[in-house]
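Novice: Listed here are the chains, written in short residue letters.
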Amino acid sequence: MGKRKETMSVLLLALPALVYLIINNYIPMFGIFIAFKNFDYSKGIFKSDWVGFKNFEFLFMTADAYIMIRNTILYNLAFIIFGTIVAVGIAILLAEIKETRTFKFIQAGMILPNLISMVVVSYIVYAFLSPEYGFINKTLGKIFGIQEMNWYQEPKYWPFILIIVFLWKNAGYLSVIYAAFIMSIDESLYEAAKIDGANKFQQICYITLPMLKQIVIVMVLLSVGRIFNSDFGLFYQVPMNSGALYDVTQTIDTYVYRALMQTYDVGMASAAGLFQSVVGFITVIVANAIVRKINPENALF
Amino acid sequence: MKRLKITYDSFRLLSFAILIPTLIITILPFILIISASFTNEDILVRYGYSLLPKRFSLDAYIFLLSQWDIIGRAYGISIFVTIIGTLINTIISAGYAYAIYRKNNKYRKVLTFIVLFTLLFNGGIVPSYLMWTRFFHITDTIFALIVPNYLVNAINIFIIRNYFSSNIPEAVIEAAKIDGATELRVFRVIILPMSLPVLITVGIMTGLTYWNDWLNALYYINNPKLYGIQNLLIRLINNITFLQSSQASTLLGANVVKLPSTALRMAMAVIGILPILIALPFLLKFITKGMVMGAIKG
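Protein chains in written order, with numbering that gives the first Met the number 0: chain F, 0 to 300; chain R, 0 to 297.
Think of the hints as simulated: they come from the structure by calculation, not from any bench.
Hints are all accurate, no fakes.
The calculated DSS-like cross-link candidates involving lysine-lysine, where the alpha carbons are at most 30 Å apart (straight line), are:
hint: 1; chain 1: R; residue 1: Lys108; chain 2: R; residue 2: Lys176
hint: 2; chain 1: R; residue 1: Lys105; chain 2: F; residue 2: Lys4
hint: 3; chain 1: F; residue 1: Lys292; chain 2: R; residue 2: Lys102
hint: 4; chain 1: F; residue 1: Lys4; chain 2: R; residue 2: Lys108
hint: 5; chain 1: F; residue 1: Lys2; chain 2: R; residue 2: Lys105
hint: 6; chain 1: F; residue 1: Lys292; chain 2: F; residue 2: Lys212
hint: 7; chain 1: R; residue 1: Lys284; chain 2: F; residue 2: Lys97
hint: 8; chain 1: F; residue 1: Lys53; chain 2: F; residue 2: Lys42
hint: 9; chain 1: R; residue 1: Lys105; chain 2: F; residue 2: Lys292
hint: 10; chain 1: F; residue 1: Lys2; chain 2: R; residue 2: Lys176
hint: 11; chain 1: F; residue 1: Lys2; chain 2: R; residue 2: Lys102
Taking CB as the label site, the calculated pair distances span:
hint: 12; chain 1: F; residue 1: Ile194; chain 2: R; residue 2: Lys102; range: 43 to 49 Å
hint: 13; chain 1: F; residue 1: Ile26; chain 2: R; residue 2: Leu51; range: 50 to 56 Å
hint: 14; chain 1: R; residue 1: Val109; chain 2: F; residue 2: Lys53; range: 33 to 39 Å
hint: 15; chain 1: F; residue 1: Asp185; chain 2: R; residue 2: Asn161; range: 19 to 25 Å
hint: 16; chain 1: R; residue 1: Leu191; chain 2: F; residue 2: Lys155; range: 51 to 57 Å
hint: 17; chain 1: F; residue 1: Tyr156; chain 2: R; residue 2: Pro223; range: 29 to 35 Å
hint: 18; chain 1: F; residue 1: Tyr156; chain 2: R; residue 2: Phe142; range: 39 to 45 Å
hint: 19; chain 1: F; residue 1: Phe200; chain 2: R; residue 2: Asn237; range: 50 to 56 Å
hint: 20; chain 1: F; residue 1: Ile293; chain 2: R; residue 2: Gly75; range: 46 to 52 Å
hint: 21; chain 1: R; residue 1: Ile277; chain 2: F; residue 2: Trp49; range: 52 to 58 Å
hint: 22; chain 1: R; residue 1: Ile90; chain 2: F; residue 2: Phe29; range: 24 to 30 Å
Quick caveat: nothing in here was measured; it's all calculated off a predicted structure.
For every residue, glycine included, the Cβ atom is placed at its ideal position computed from N, Cα and C.
Using the sequences and the hints, build the whole thing.
Specialist: Printed below as a string of structure tokens:
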């Protein structure tokens, strides 16, 4: 068979996905020029006037820019730190459970929150925080003497609420990854340590944690690479899009959505979006370069 | 030696002592919404949502059944979108993965780069929103729920490619080709059946993405008739009364004219996660595998 024909048929298999990637991913990359235009729906994408960096100037003059960037970065840092600690802790304990069925049962429960949509999460949070019927106002508050309040109007509690919701939704899933890694550690290392008289805590400190260190660093770095991205649903749907909370719930992603779909300010939306893409690109590249130094196998490229 | 065994056992006890409460805390929120959905409406209004129904009631579910035209429709849309999206995604991702796995393909490096770069950079939502709405006019069509964002993703392609590389020896392919099989035939008859485990794993993860997605509809659907279950849920939490119709009050009896709205919200949330709860025991193995593969070396 001809080499040429062979190549063609392999390419044919790649073609549908290739076409899709070009449309879905690459055309919008070239569309970033919209951020340098004063977009006007009546004039369309190509005929709107060029304005240079005006959109960015306006954006960064507002308090919005500072708030959304601050929130995006600080929440991500909190998620990375607490998420890693909780997930590694659970993973170490989980790896101790040798009975397969018990292990699977616990694991299933732990990852369940990760399998549901943020919309359902917002319902669950509502069941706790609803001012009239919420579990906290009506039951827990009575037991622990917390005053009834309208949680969706009280910004000061939301950083904690959002971190708790994040941990509830993601710590189990992260622990599955770490537990899989711990269980792949060579059993003979532990056997040897036992013979040397090491107790379980020493085994964790001198075998599990050092072996785990590398994968934890890689996972953390990959998260740091996405530090300018946020889970839209967590910051938009879970706080019920409550205006009183914008100060502590606005992230770059919620800002872009609100500017594009609610205030129809395409200029601001595209400027914020392009800022996110470019800074995100740089952080991913840097994070990946560090990962490659530590362990080339885990690098993205 | 004896002392050693004791410390080992006490650590296992400690594991259970921490994991079981953690598990309970993780599950409690689910119990809360399930319990609330089975509680009598008057009790809910007085005492709020609680972990055990103070007075058991099926009113919320009876009401939901009476509105099955709305809910069943949303369910149908979610199921349709999930199945079609997952099938297309898995098959075309596998095709692409095959092209970057075959060493005889001289374009494999370019193709690998094309898919890898999508993980590093994106144009953001604004250009893609304008493209889908102004050039492809997908607003208020079923395509809006299937096509944007999720039809191919780089992680899936790499997971499948890695599976090919470590499980399918080139020799198998070469042997088939000596027997006269074309690349397309090799892919269909040898590769796909041999990689069924990874295709199922990738398919389940993609299926979850489609089932749980509400962003595409948020951007591209204005007509509530095209809402899947997630977007129906969003609409419901803001405004429960649109479910009310004269039909319902006749079904519940004339004395229950009032909508059991407090319980109803939670019953809807339960309906939204029901397929996942039912399928979890069967899918668990694939889901945990998918999570690990997706995180490490995407």
